[in-house]
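Take the sequence shown: its letter number 271 is residue 726 in our numbering, and every next letter is one higher.
Because the hints were derived from the structure by calculation, they are not lab data.
Fair warning: there could be bad hints in the mix.
Under the rule of at most 30 Å between Cα atoms (straight-line distance), these lysine-lysine pairs were calculated in the BS3-like manner [said to hold, decoys possible]:
#, residue 1, residue 2
1, K644, K488
2, K714, K529
3, K644, K580
4, K714, K488
5, K580, K714
6, K582, K644
7, K529, K488
8, K680, K529
9, K488, K582
10, K644, K714
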Amino acid sequence: MATPWYFVAVLLTVLTSSQGILTTLSQSDGGYKYDYATVPFLAEVFKLIISGLFLWREMRTSSSAAARITTDWKSVRLFVIPSLIYLIHNNVQFATLTYVDTSTYQIMGNLKIVTTGILFRLFLKRKLSNLQWMAIGLLAVGTTTSQVKGCGEASCDSLFTAPIQGYLLGILSAGLSALAGIYTEFLMKRNNDSLYWQNLQLYTFGSLFNVARLLADDFRLGFEKGPWWQRIFDGYSITTWMVVLNLGSTGLLVSWLMKYADNIVKVYSTSMAMLLTMVASIYLFSFKPTVQLFLGIIICIMSLHMYFAPPQTLVDLPVTNEAHPKILKQVIVEEKTDS
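Let the sequences and hints guide you as you build the complete structure.
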């Protein structure tokens, strides 16, 4: 592939870090004037359209593109599974927040870093070195450290006082998030199908599940605001459309990484994006930086270097005094001559 994965990873970090900022800027008077459930649906449609256009262009310019499309239903239906996992994950997220506060939820969300590494090893059979396992552990510690507030604050006091159901749901949420990513990577790499054809299948099912979610909300509210398709753009502003485009573009970049890199690269990109968001919030929203934030950034940078750097640059191997072959040969000849 012409585009190096690290360029895509950096771009993903920038886009992911701006998601929270754009979402905050799209609020008005402390709330949303638009139905935020329509944003993921429009993002899925955006990804679907872009993938369709790229697939059409690929088939027109490449004679072998058609051969990289598997239309067997047994293969297509596999893309239903990650959409279902994400749907369950979204509901588990809401259930978790009924038991724990936002700060505790964010800290528990870092468990997906470790669960991704474990599932990466178990299901994809990808072996990690001891240094890489240590790097993943450091990343989880670094992101958690950056989110912990001062112990004089209420959020710190309530960190370990939530009901057991909240912690169990938090662990389940982290597992589902990692499982969805690992399974998507498995689908992307299981054959040589075109990335755009795989995206087309993935986002078609994603769009359908989002429509089902919107219909379920309408039935739950008794259609008091009318059907969702009649008010889908109500309250939308330029910033809201930027949120949709950002979310859609991020999804396309993630699918690229799943095809040509792996889940660990995605985990590092999203973790670094979270730290970048905190730094940007200092200037945009008068966020007060903490010592924990700076310590977390340092730990995450160390983890990044430890995971991706060649092992020989991390460990100074002792220099051994090995005998030169020519000297050994000369000694052997001299011994034979003396005898």
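Cross-check of the supplied hints:
1. K644 with K488: Distance ~41 Å between K644 and K488 Cα, so the pair is violated.
2. K714 with K529: With Cα atoms ~20 Å apart, K714 and K529 stay inside 30 Å; holds.
3. K644 with K580: Measuring from Cα to Cα gives roughly 13 Å; hence the hint holds.
4. K714 with K488: violated, 37 Å
5. K580 with K714: holds, 16 Å
6. K582 with K644: holds, 17 Å
7. K529 with K488: violated, 42 Å
8. K680 with K529: violated, 40 Å
9. K488 with K582: violated, 48 Å
10. K644 with K714: Holds: K644 and K714 sit about 6 Å apart, inside 30 Å.
Violation of the numbered hints given earlier is confined to hints 1, 4, 7, 8, 9; the remaining hints are satisfied by the structure.
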